[in-house]
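Visitor: Residue 156 in the numbering used here sits at position 156 of the sequence shown, with consecutive numbering throughout.
Hint data in this document are derived by calculation from the structure and do not stem from the laboratory. Don't take every hint at face value.
Stated by the list, open to error - Distance condition first, Cα-Cα at most 27 Å in a straight line; then the derived DSS-like pairs of lysine-lysine:
{"id": "1", "residue 1": "K136", "residue 2": "K74"}
{"id": "2", "residue 1": "K14", "residue 2": "K89"}
{"id": "3", "residue 1": "K72", "residue 2": "K82"}
{"id": "4", "residue 1": "K27", "residue 2": "K39"}
{"id": "5", "residue 1": "K27", "residue 2": "K89"}
{"id": "6", "residue 1": "K74", "residue 2": "K128"}
{"id": "7", "residue 1": "K57", "residue 2": "K74"}
{"id": "8", "residue 1": "K39", "residue 2": "K72"}
{"id": "9", "residue 1": "K66", "residue 2": "K39"}
{"id": "10", "residue 1": "K14", "residue 2": "K66"}
{"id": "11", "residue 1": "K39", "residue 2": "K136"}
{"id": "12", "residue 1": "K136", "residue 2": "K66"}
{"id": "13", "residue 1": "K82", "residue 2": "K128"}
{"id": "14", "residue 1": "K66", "residue 2": "K82"}
{"id": "15", "residue 1": "K57", "residue 2": "K27"}
{"id": "16", "residue 1": "K39", "residue 2": "K89"}
{"id": "17", "residue 1": "K27", "residue 2": "K14"}
{"id": "18", "residue 1": "K159", "residue 2": "K136"}
{"id": "19", "residue 1": "K57", "residue 2": "K14"}
What the hints assert, rightly or not - Beta-carbon label-pair distances, calculated as ranges:
{"id": "20", "residue 1": "K39", "residue 2": "S78", "range": "21 to 29 Å"}
{"id": "21", "residue 1": "K89", "residue 2": "K14", "range": "28 to 36 Å"}
{"id": "22", "residue 1": "K66", "residue 2": "M160", "range": "34 to 42 Å"}
{"id": "23", "residue 1": "M160", "residue 2": "R117", "range": "58 to 66 Å"}
{"id": "24", "residue 1": "R161", "residue 2": "D30", "range": "42 to 50 Å"}
{"id": "25", "residue 1": "K89", "residue 2": "D11", "range": "20 to 28 Å"}
{"id": "26", "residue 1": "F157", "residue 2": "W41", "range": "44 to 52 Å"}
{"id": "27", "residue 1": "D11", "residue 2": "V162", "range": "18 to 26 Å"}
{"id": "28", "residue 1": "K66", "residue 2": "E152", "range": "28 to 36 Å"}
{"id": "29", "residue 1": "V26", "residue 2": "S146", "range": "41 to 49 Å"}
{"id": "30", "residue 1": "A125", "residue 2": "Q156", "range": "22 to 30 Å"}
{"id": "31", "residue 1": "K144", "residue 2": "G110", "range": "23 to 31 Å"}
{"id": "32", "residue 1": "Q156", "residue 2": "K39", "range": "42 to 50 Å"}
{"id": "33", "residue 1": "D133", "residue 2": "A108", "range": "16 to 24 Å"}
From the three backbone atoms N, C-alpha and C, an ideal C-beta is built for every residue, glycine too.
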Amino acid sequence: MDGYNVIHGSDDLKRLSEIQLEEARVKLIDDLNGYSGFKGWETILVFDAYQQQSLEKREEVHGRIKVVFTEKNKTADSYIEKLVYSLPKAYNVRVVTSDFTLQQMVMANGAERVPVRELIQDMEASLKNFRDDKRKSVPKQGLKLSDFLDEETLDQFNKMRVKE
Numbered sequence: 001m002d003g004y005n006v007i008h009g010s011d012d013l014k015r016l017s018e019i020q021l022e023e024a025r026v027k028l029i030d031d032l033n034g035y036s037g038f039k040g041w042e043t044i045l046v047f048d049a050y051q052q053q054s055l056e057k058r059e060e061v062h063g064r065i066k067v068v069f070t071e072k073n074k075t076a077d078s079y080i081e082k083l084v085y086s087l088p089k090a091y092n093v094r095v096v097t098s099d100f101t102l103q104q105m106v107m108a109n110g111a112e113r114v115p116v117r118e119l120i121q122d123m124e125a126s127l128k129n130f131r132d133d134k135r136k137s138v139p140k141q142g143l144k145l146s147d148f149l150d151e152e153t154l155d156q157f158n159k160m161r162v163k164e
């Protein structure tokens, strides 16, 4: 997944990146971690060496996300292309990028292309479904303290209430 393509394809992340690029990267990693966990996917997120001091490639693991910062002068697209060629054909590979040439190449190699807009829409829908499911699991009238107390403790509270 081309990290900067995703950041610039999301209105929220793009606005955040204009203020603080590092915060936009962190938010993307956090969001993708939850999304990847929800989907059961392993995700490789690639950032160009843009605005990085290091000349060498750097890799970090954040939960289900492997984050790669390419070495200086190497694009995320070239890293992703090489990675797709190196993976066994048996893997179900999905590549998220806005780059048309890379999309064509990955499809020719048997991988599925996912436009950035489609990924963002699916992430938003998955988050909404997760929240809706969570909301449905809580009883509408809410929970009462008495739901968690044994009979003896409940009697003691009732006696205290009556005394007042």
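Visitor: Give a verdict on every hint.
Guide: These are the hints, each one checked on the structure:
The hinted pair formed by K136 and K74 fails the criterion: a straight-line CA distance of about 47 Å is larger than 27 Å. A hinted pair counts as satisfied when its Cα atoms are at most 27 Å apart, and K14 with K89 does not qualify at roughly 34 Å. For a cut-off of 27 Å, the pair hint linking K72 to K82 stands: about 16 Å separates their Cα positions. Distance hint between K27 and K39 is fulfilled; the C-alpha atoms sit about 18 Å from each other, no more than 27 Å.
Simply put, K27 and K89 have alpha-carbon atoms about 31 Å apart, too far for the 27 Å limit, and the pair is violated. Our distance criterion of 27 Å between C-alpha atoms is broken by K74 and K128, whose separation comes to about 36 Å. Under the criterion of a C-alpha separation no larger than 27 Å, the hint pairing K57 with K74 is consistent with the structure, at around 9 Å. Proximity of K39 to K72 is assessed by CA-CA distance (about 32 Å); at most 27 Å being required, the pair is judged violated.
Using a Cα cut-off of 27 Å, the hinted pair K66 and K39 holds, with the two alpha carbons roughly 16 Å apart. For the suggested pair K14 and K66, the alpha carbons sit about 22 Å apart, so the restraint of at most 27 Å is met. Annotation: proposed proximity of K39 to K136 holds, straight-line Cα distance about 20 Å (limit 27 Å). Taking the CA atoms of K136 and K66, the gap is near 33 Å; set against the 27 Å cutoff, the hint is violated.
Distance check on the hinted pair: K82 and K128 sit about 35 Å apart at the alpha-carbon level, beyond 27 Å; violated. In summary, the hint linking K66 to K82 is supported, as the alpha carbons are separated by about 16 Å, within the 27 Å threshold. Taking the CA atoms of K57 and K27, the gap is about 21 Å. The hint holds against a cut of 27 Å. Between the alpha carbons of K39 and K89 the distance comes to roughly 21 Å, so the proposed pair stays at or under 27 Å and holds.
Distance hint between K27 and K14 is fulfilled; the C-alpha atoms sit about 11 Å from each other, no more than 27 Å. Straight-line distance between C-alpha atoms of K159 and K136 comes to about 35 Å, which puts the hinted pair past the 27 Å bound. Restraint check for K57 and K14: the C-alpha separation of about 24 Å stays at or below 27 Å, so the hint holds. Between K39 and S78 the CB atoms are about 26 Å apart, so this pair conforms to the stated range of 21 to 29 Å.
A hinted range of 28 to 36 Å holds for the C-beta pair K89 and K14, which are about 35 Å apart. Separated by about 57 Å at the C-beta atoms, K66 and M160 break the suggested range of 34 to 42 Å. Between M160 and R117 the beta carbons are some 60 Å apart, a value that agrees with the proposed interval 58 to 66 Å. For the hinted restraint 42 to 50 Å between R161 and D30, the CB-CB distance of approximately 45 Å keeps it satisfied.
For K89 and D11, the hinted distance range of 20 to 28 Å is not satisfied, since their beta carbons lie about 36 Å from each other. A hinted range of 44 to 52 Å holds for the C-beta pair F157 and W41, which are about 48 Å apart. The given range of 18 to 26 Å is broken by D11 and V162, whose C-beta atoms sit roughly 58 Å from each other. Between K66 and E152 the beta carbons are some 53 Å apart, a value that contradicts the proposed interval 28 to 36 Å.
About 43 Å separates the C-beta atoms of V26 and S146, a value consistent with the hinted range of 41 to 49 Å. Remark: the range hint 22 to 30 Å for A125 to Q156 is contradicted by a beta-carbon distance near 49 Å. Taking the beta carbon of each, K144 and G110 are about 56 Å apart, not inside 23 to 31 Å as hinted. At about 49 Å, the CB distance of Q156 to K39 agrees with the hint of 42 to 50 Å.
The hinted window of 16 to 24 Å between D133 and A108 is violated, with their beta carbons roughly 38 Å apart.
In terms of the numbered hints stated before, the structure departs from hints 1, 2, 5, 6, 8, 12, 13, 18, 22, 25, 27, 28, 30, 31 and 33, listed from lowest to highest.
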